Amino acid sequence: MQTDARTLPAAAAAEQLAEPQGPVSRSQWSLAWRRFRRNRAALVSIAIILLYGLAGLFAPWLAPHNPVKDNSGRDYVPPFWRAHSPAGVAADLTFPLGTDSQGRDVLSRILYGTRSSMVAGLMPALIILVIGSTLGFLAGWAGGLTDQLVMRTTDIFYAFPDVLFLILIMVTLGSTPLGRLGNGLVLFLSALAVVSWTGLARLVRGSALSLKSLEFIDAARSSGASNARIIMRHLLPTA
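Throughout the sequence shown, residue numbering follows the working numbering, covering 1 to 239 in sequence.
One should not assume that every hint holds.
[Claimed, not checked] DEER-style ranges, computed between Cβ atoms: (1) 94 <-> 45: 51 to 57 Å; (2) 158 <-> 81: 49 to 55 Å; (3) 149 <-> 116: 33 to 39 Å; (4) 214 <-> 67: 49 to 55 Å; (5) 214 <-> 184: 44 to 50 Å.
Rather than coming from a laboratory, the hints here were simulated on the basis of the structure. As the structure is a prediction and not an experimental result, all values here were calculated from the model. Backbone N, C-alpha and C fix where the C-beta goes; we use that ideal spot for every residue, glycine too.
Given the sequences, and given the hints that come with them, work out the whole structure.
Here it is as structure tokens:
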């Protein structure tokens with residue numbers, strides 16, 4: 001009995017030592033994901049974006065008609081919830097949302113048009129993110145002459161009139177394969193992104209300047225971490 005009495009407190013102490021003490025540390029990515037999951041508006045928004053993306057991706061299978069085909073004599077067909085249009089045209093369930101002035105199916109045009117809308121929304125944002133973040137981090141992290149060159153280049157782009165720059169790019173590259181891609185949409189969106197990255201670059205540069213002098217960055221340098229590892233593992237998640 002005495003042995004058991006001495007063993008039980010020792011076992012309890014060992015269990016207490018085995019249990020983690022204090023709050024469990026989380027990475028910046030896990031904290032951001034946790035905040036995102038708790039934000040209902042963000043969840044609803046991403047669900048709507050995914051729905052649009054899937055609709056555009058599967059448009060060839062979801063669209064009941066060719067979106068550019070003219071259906072002779074079927075113009076101004078009303079949507080299914082209206083029996084007749086103001087012109088007296090009867091509704092037709094083969095055109096659920098009706099037709100336009102040239103007899104083209106509205107539902108099919110919406111599904112295929114989602115592709116252009118998604119490209120127009122995502123493509124410039126991704127280009128701006130890549131250019132602005134890269135140049136901003138490069139200027140803020142390197143400092144010195146590199147910072148001066150990047151920031152002066154940023155000032156030149158910022159001072160140049162956006163509309164004039166867009167016209168210049170469209171006229172110069174309009175006849176190239178890039179200009180003909182997507183009937184000029186890809187070139188226009190790329191040009192729009194090229195003149196819109198300056199604000200993000202300045203913001204990221206300021207964030208990099210304020211973060212690179214903090215203690216956890218000095219600790220990472222002391223441990224022998226490379227610049228690429230410090231940027232990817234410490235600066236980017238914190239910025």
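For each hint, the structure was consulted:
Between residue 94 and residue 45 the C-beta distance comes to about 34 Å, which lies outside the given range of 51 to 57 Å. Evaluation of the 49 to 55 Å hint for residue 158 and residue 81 yields a pass: the beta carbon distance comes to about 50 Å. Taking the beta carbon of each, residue 149 and residue 116 are about 37 Å apart, inside 33 to 39 Å as hinted. Separated by about 54 Å at the C-beta atoms, residue 214 and residue 67 satisfy the suggested range of 49 to 55 Å.
Between residue 214 and residue 184 the CB atoms are about 46 Å apart, so this pair conforms to the stated range of 44 to 50 Å.
Checked against the numbered hints listed earlier, the structure breaks hint 1 alone; every other hint is satisfied.
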